[in-house]
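Colleague: Here's the letter readout for the chains.
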Amino acid sequence: MTDMADTARHKGSLLVQDARTVKRNRAEARFKMYGIAAITIGMLMLAILLVTIIGRGAGAFQQTFITLDVPLLEDKLDKNGNRDLADIKKVSTFGYAPLMRTAFEEKVAAIGIETKLSGKDMANLLSKDAAATLRDFVLSDPSQIGQTVSFTFLAQSRVDGYLKDRVDRDNIANDKNISAEQLDLVDALIEAGSIEKKFNLSFITGADASDARPEAAGMGVSMIGSFFMMLVVLALALPIGVAASIYLEEFAPKNWITDIIEVNISNLAAVPSIVFGILGLAVFINYMHLPNSAPLVGGLVLTLMTLPTIIISTRASLKSVPPSIRDAALGVGASKMQSVFHHVLPLAAPGILTGTIIGLAQALGETAPLLLIGMVGFIASNPPDSIAEGLMSPNSAMPAQIYEWAKRADPAFYERAWGGIIILLVFLITMNAIAVLLRRRFERRW
Amino acid sequence: MKDNTNAENAVSTNTVKIAARDVQVYYGDNHAIKDVNVDIEDKTVTAFIGPSGCGKSTFLRCINRMNDTIDVCRVQGDIRIDGEDIYDRAVDPVQLRAKVGMVFQKPNPFPKSIYDNVAYGPRIHGLARNKAELDEIVESALRRGAIWNEVKDRLNAPGTGLSGGQQQRLCIARAVATEPEVLLMDEPCSALDPIATAQVEELIDELRQNYSVVIVTHSMQQAARVSQKTAFFHLGNLVEFGETDKIFTAPEDERTESYITGRIG
Chain A
837 MTDMADTARH KGSLLVQDAR TVKRNRAEAR FKMYGIAAIT IGMLMLAILL
887 VTIIGRGAGA FQQTFITLDV PLLEDKLDKN GNRDLADIKK VSTFGYAPLM
937 RTAFEEKVAA IGIETKLSGK DMANLLSKDA AATLRDFVLS DPSQIGQTVS
987 FTFLAQSRVD GYLKDRVDRD NIANDKNISA EQLDLVDALI EAGSIEKKFN
1037 LSFITGADAS DARPEAAGMG VSMIGSFFMM LVVLALALPI GVAASIYLEE
1087 FAPKNWITDI IEVNISNLAA VPSIVFGILG LAVFINYMHL PNSAPLVGGL
1137 VLTLMTLPTI IISTRASLKS VPPSIRDAAL GVGASKMQSV FHHVLPLAAP
1187 GILTGTIIGL AQALGETAPL LLIGMVGFIA SNPPDSIAEG LMSPNSAMPA
1237 QIYEWAKRAD PAFYERAWGG IIILLVFLIT MNAIAVLLRR RFERRW
Chain B
1174 MKDNTNAENA VSTNTVKIAA RDVQVYYGDN HAIKDVNVDI EDKTVTAFIG
1224 PSGCGKSTFL RCINRMNDTI DVCRVQGDIR IDGEDIYDRA VDPVQLRAKV
1274 GMVFQKPNPF PKSIYDNVAY GPRIHGLARN KAELDEIVES ALRRGAIWNE
1324 VKDRLNAPGT GLSGGQQQRL CIARAVATEP EVLLMDEPCS ALDPIATAQV
1374 EELIDELRQN YSVVIVTHSM QQAARVSQKT AFFHLGNLVE FGETDKIFTA
1424 PEDERTESYI TGRIG
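For the protein sequence lines, the chains are A and B, in the order given.
The number in our numbering is simply the position in the first sequence, starting from 1, with 836 added.
The number in our numbering is simply the position in the second sequence, starting from 1, with 1173 added.
No wet-lab data here; the hints were simulated from the structure.
Mimicking DSS-like on lysine-lysine, the simulated pairs with C-alpha atoms at most 25 Å apart in a straight line are:
(1) A:Lys1172 / B:Lys1279
(2) A:Lys1172 / B:Lys1272
(3) A:Lys1155 / B:Lys1285
Take the sequences, apply the hints, and build the full model.
Modeller: Here is the structure:
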């Protein structure tokens, strides 16, 4: 009977697939298709995400500028005529406003544009930052008073929005920041070449700005805040994490206590970051009385968050060093510590480095814990002021700055939030690329 | 045991280097080595043979306390080298391992230069006062490892770039560089081709001039070729120990005979 069954099974030709084979092959083909479909959807989403981010954020790197020849009138800026810096400082930015008006009126007259606008309305096309820019220039070089100097000022955000198609003539009826006449003037000035869109470096290097002048806001200061936090994280999390991993992996006895520690480290890696934020608030600020909004506190909180990542990746790379290397070192009479530090650690270093960089990248993009410890400081003073203030003074961080901008009402900030995301992504991608390169470069084959 | 007395009678010229008495090894609840008594002589090659899992490697690793690195492993009994109990509380295994070198089954050079591979032991034990002395130690170790002529022009090349047989001889050179008195070899030829095996076996024969060599091997031919004494392990017991010639030609225990003739193992 078994013989008969066997012959029945092998009866068909090999050139013709039997029903079972056909079914199996179909199942396999179906499974492959599911996989390809999943990956395609993923890639599509990624593409949409990138296109959206770049499409909306790229505008933030360009800004509208107005070129003006400003006469630095002596009777307005230095009434005594002695170029005494103390006297010149007494003139506030309001004192510079008439200069702008005059400059604008002269400009319009020179080009020959017909407009009913007053000088004040014309000057409103400039950013509220323009007077401050002018004042800074005069204070830095008082000898220029009496001359006529050509400036490139930021245009106010509505003008910028008009050039970027964010503001159009149909929906400005209720907008008290801009009128149709002003837009006519803008059109005329564009034609004359006095208004143009240019790359705006100060978006990358500058400080945040108040709600009234989104055109002046930049990521620079929050980048410094993030940089300080990363320094703290690197200085604390790397040595503590690596030391803890080496002890746990190489020295600690394997018993229920170390098992519990291991489980808890894995659990910590999965704890929501906002929990670390509230822990930081309770311990570092309320109990230890460290200052609010300081990069030091942010760094400490992010250290707590990054430690499990570093410990897990370090232990994995220590584990991947073949035991034969440890045997070899012990075999020639090296102590445990010598075998670890002379042989195991150097071999695990690329993996440790990769894990650390990925941990840092994760910390760099973390927002929630920073909100709880107030790392959303509004810093409007430009570097190097904010650099000098260092670890203990209030600052912001890149993701927190993006969050702040996204919250604000003016759509001009919305664009800057997207632009900030581009900068943050560039950092993250760079860090991850470095991690991948290091791994490729130093990966060892046994 | 009767076998032991026979062995002691048979060799009178060499002194006993390693003396093991009632050695028991446990892996957790598993009794891996049972009541092993053996005397290993100086300037002799002693081979441990036996089927897989018989405990020969485990016993070998007791001699330089490499088993200490395994958490669940417990060793009882008495192992003496030159009359000193190596499991005494006062003994630091690190010092012991400088005296008892080891060569492993798989060639395991450090992923460093050939020079650094050999120089590592002398460096950490402070055997050289300066670079010239270290160079000398490295050269003599590589010569004793019978690999000097092949690598003398590329001492800075990575040790992992050598062929399997060369790597194993490099590992032997590394082991002898620390001036050990005993060399333990755990199946040193199992990962090598026949030509490399022949070279290593020749080397083992030369090493006998200076060291007490203990070699674990799966190959009975190899045991017959290189060793003067042979110990046969079976299921954690030392079944028979004696002159190699005698073990292979006229074994006393029937288990030994079965193994040698291929009926067990």
